[in-house]
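Those protein sequence lines, which keep their order, are chains A and B.
For the first sequence, the numbering used here assigns the number 1 to the initial residue and increments by one for each residue that follows.
For the second sequence, the numbering used here assigns the number 1 to the initial residue and increments by one for each residue that follows.
Keep in mind the hints are simulated off the structure, nothing from the lab.
Check each hint, because a few of them may be wrong.
Claimed, not checked - Below, a list of computed lysine-lysine pairs in the DSS-like style, where the Cα atoms sit at most 30 Å apart:
id: 1; chain 1: A; residue 1: Lys140; chain 2: A; residue 2: Lys206
id: 2; chain 1: B; residue 1: Lys399; chain 2: A; residue 2: Lys199
id: 3; chain 1: A; residue 1: Lys128; chain 2: A; residue 2: Lys206
id: 4; chain 1: A; residue 1: Lys140; chain 2: A; residue 2: Lys66
id: 5; chain 1: B; residue 1: Lys399; chain 2: A; residue 2: Lys140
id: 6; chain 1: A; residue 1: Lys195; chain 2: A; residue 2: Lys128
id: 7; chain 1: A; residue 1: Lys128; chain 2: A; residue 2: Lys199
id: 8; chain 1: B; residue 1: Lys399; chain 2: A; residue 2: Lys128
id: 9; chain 1: A; residue 1: Lys66; chain 2: A; residue 2: Lys128
These numbers were taken from a predicted model, which means no experiment stands behind them.
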Amino acid sequence: MSESSARSGAAGGAVGRESTAEQESRRLTVFLVDDHAMFRAGVRAELGAHVDVVGEASSVAEAVSKIAAAEPDVVLLDVHMPDGGGRAVLDAMRRSHPQVRFLALSVSDAAEDVIGLIRAGARGYVTKTISPDELAAAIKRVADGDAVFSPRLAGFVLDAFASRPDVPVADPELDQLTNREREVLRLLARGYAYKEIAKELFISIKTVETHVSNVLRKLQMSNRYELSRWAADRRLV
Amino acid sequence: MTIGGHDRGGAITAAVTPPPARRLYRPRDHRIVAGVAAGLAEHLGLPVLAVRIALVVLLGFSGLGLLLYAAYWAVLPQQVSIDRPPERRDYAMLLPFGAIGLGVVLLQALVFKDNAAGTIGWLIAVVAVGAGIIWHQSDPTRRGHWTTTAPQAPWLAAVVAESDRRYFLFRFIGGGVLVATGIIGAVAVLAPTGSLSSVFNGVIFALVGLLGVGVVAAPLLWRMFNQLRAEREGRIREQERAELAAMIHDQVLHTLALIQRNSADIKEVQRLARGQERSLRNWLYKPTASPTERFAAALEQAAAEVEDTYAISVETVVVGDTECDERVAALVAAAREALVNAARHAGVQTVSLYAEVESDELSVFVRDRGAGFDLSGVGDSRHGVRGSIIGRMQRHGGKAEIRSATGEGTEVRLTLPASRESVTAGKEPAR
Chain A
1 MSESSARSGA AGGAVGREST AEQESRRLTV FLVDDHAMFR AGVRAELGAH VDVVGEASSV
61 AEAVSKIAAA EPDVVLLDVH MPDGGGRAVL DAMRRSHPQV RFLALSVSDA AEDVIGLIRA
121 GARGYVTKTI SPDELAAAIK RVADGDAVFS PRLAGFVLDA FASRPDVPVA DPELDQLTNR
181 EREVLRLLAR GYAYKEIAKE LFISIKTVET HVSNVLRKLQ MSNRYELSRW AADRRLV
Chain B
1 MTIGGHDRGG AITAAVTPPP ARRLYRPRDH RIVAGVAAGL AEHLGLPVLA VRIALVVLLG
61 FSGLGLLLYA AYWAVLPQQV SIDRPPERRD YAMLLPFGAI GLGVVLLQAL VFKDNAAGTI
121 GWLIAVVAVG AGIIWHQSDP TRRGHWTTTA PQAPWLAAVV AESDRRYFLF RFIGGGVLVA
181 TGIIGAVAVL APTGSLSSVF NGVIFALVGL LGVGVVAAPL LWRMFNQLRA EREGRIREQE
241 RAELAAMIHD QVLHTLALIQ RNSADIKEVQ RLARGQERSL RNWLYKPTAS PTERFAAALE
301 QAAAEVEDTY AISVETVVVG DTECDERVAA LVAAAREALV NAARHAGVQT VSLYAEVESD
361 ELSVFVRDRG AGFDLSGVGD SRHGVRGSII GRMQRHGGKA EIRSATGEGT EVRLTLPASR
421 ESVTAGKEPA R
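Modelling step: build the complete structure from the supplied sequences, incorporating the hints.
Spelled out as C-alpha cells, the structure:
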C-alpha cells in the first residue's frame, strides 16, 4: 500500500483547500453503479471513511430509478454493463437531474470509452486501479463542479485536439485549445497534481481548475468533426 | 418370456446387420475415361473388353450406353489405391472405342430416321454427362460439406453454395449448356416440321417450363442459401471463440496459476498481475504495432520491460506517433534509462511517462515522486545519467534536462528536434 500513500500526498494536496469544518458539516453522498457486486463492496468499504455511500445499482434500469430517488451528489458509473452501460445511464439522467454529477470509473481505458462517456456528460474518468484516497479526492473535485482528468485522459484530449492542418475549424472558441489549456493538459499527462501545475505555471490552483473545466466543456460541446471520428479511427492507426 | 424376447431381439439385430457386401468401385488403374467399365467388369467377373463393347453398342439405343455410363460415373465411388500411384490414362485406347461408337451411332441414324424417342434419350444422356462433369469437378470435401448442410438435397447446396470464381464460372457454363440443350431439344422435338411459329412456341413452352421450375425451386434455394450463410457465420464465430480460448488458456490461466503459487510474494504477484493486465489490454484495445517501427509502440515496450523487471507501474501516455529511426530509438533508450533510474532509486511504485510527438520536436518526460537527489552530488562515475541519458541525447542532437530535489522527486525531460530529412526519409518507404 506504499503506492496509495505516496500518491495520496499529491492528490490530497489539490483538495487540501477545502476546510475540514466544511467536510465535517456535510459529507458527500455517493451512489455506485457497477454490475460486479464484489467491486461495489470493495469501493463501499474503501470510501466509507470519506463519503456516505447512499446506494448502489447493478443495472441501467435499477440505476435510473434509484438515482432519481436517492439524488446523490456524485454517481460513480461503470462504463461497461450488460444492458447498455454508463452511457445509457447518463443519457437517461442528464436532462432530468442536472445537479447529479457523474464520475466514470472503469477498467477500460480505451479511447472510445473515455471520450464517449465524457461527451455524454461525465465530469471525469478514472480507472479502477485508482487508489482509495485518490478516488475520494476525485469525488470531492467532481462534487465541487470541477473536472477530473487522469493523465491518460489528458493525453487523449491532447491527441483529439491536436492541430491538424487538414481539418477545418468550425468554431475556434470550441474547437481549439488555448496554449494555456494545452500546457495544463501536458502537465496533467506528465503526472502533475493541480498544486504542482499551479506552481509550475505560476498561476493559482483555482485557475488550473478553470482551465481543466474549460477543456471539459470543449470536449463535451465541440462538434469538431474528428472528435467523434477520432475515437473510432484510433483503433485503426 | 423375457428370455425368449431377448433372444428374438438378438436374432433380429443379427439379421439386420448385413454381411460385408462386395462394393462396386471405379478403379483408377485400368481406366480409359473414368474407370466405370473396368469397375463393372471386375464386379461382374467379366472381361473388361466385353463390358466396354457392350456400353458402346448400347449407344445405339438412343444413347443408352452414354446415359448408363454417366449414371454409374455419378454414383460409384472411386477406389483409392494406397500402395502405388495410379497409372496414367492411355488415351490411345479411346480411339477404337470412339470409332466403334461413331459407327454404331451412324448406323442407328441410317436405320431409324429421325425418331423423337431417340432424340429425347440422347438429350437426357447429354444432360446427365453435363451434370456428371459438374459433380466431379467439385472436390470431395466440398461435396461432404454440401451433404452435411443440406442432407436432403446435396446437389442443391452445390448450386447455391458460395464458392470461388472458378466454380462459379464452371457452374454458370454448365448450367447454360444444360438450359440451351433443354431448349434446343424441346424445339427440335416439338417442331419436327420446322415451321417458325411452332419453333417459337417451343421456345416459349420451354421458358415457361423453366420459370415453373424456378418458382418451385426458389424458396428451397433461398432457404438453402441462408442456411449456408448462417453456417459460414457460425464457423467464423467459432474461429474467434477458439482464438479467445487459446489466449485465455495461454496467458490468463497461466498467470493465475503463477499468482497462486507466488501468493506469499506481494511484489511478484503485483508484477504478474500488471504484466497480464497489460497484455490483455493490448489484446483488447490496441492495434499491434511493431516496437521497431513506431515510436509509441517502442516506448510502451520499454515501459513494459521496466514494469516487469522492477515490479513498479509505469503510467504511460503517448500523444501522437511517428516512425522509428536511429535518433528516435536513441530517445527511447534514454527514456528507458530514466525509467530504470526512477525504478531503482526513487523508491516509489508509480512512475509517469509522457511523450508527445509534435511537428518540430519529440519530447519525453519521465517523472516520479520519490526520494529525489541533489544534482551537484552526482559524480562522474554515474554512467546511467551522464552517459546513457545526457550524453546519448546530445550525440543525437537532442537535449536532456534533469530536475530533482531531495524529497521532491525527479523529472527527466528529453527533447529531440525532428529533422526534416529523417521524418520524410522515415515515412516514404512506408507509403
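How the hints compare with the structure:
1. A:Lys140 <-> A:Lys206: Measuring from Cα to Cα gives roughly 15 Å; hence the hint holds.
2. B:Lys399 <-> A:Lys199: 24 Å, holds
3. A:Lys128 <-> A:Lys206: Between A:Lys128 and A:Lys206 the Cα gap is close to 27 Å, so the pair holds against 30 Å.
4. A:Lys140 <-> A:Lys66: 21 Å, holds
5. B:Lys399 <-> A:Lys140: Not satisfied, since the Cα-Cα distance of roughly 40 Å exceeds 30 Å.
6. A:Lys195 <-> A:Lys128: 24 Å, holds
7. A:Lys128 <-> A:Lys199: Cα-Cα ~29 Å, so holds.
8. B:Lys399 <-> A:Lys128: 36 Å, violated
9. A:Lys66 <-> A:Lys128: This hinted pair holds, its Cα atoms lying about 23 Å apart.
Hint compliance for this structure: hints 5, 8 are not met, and every other hint is.
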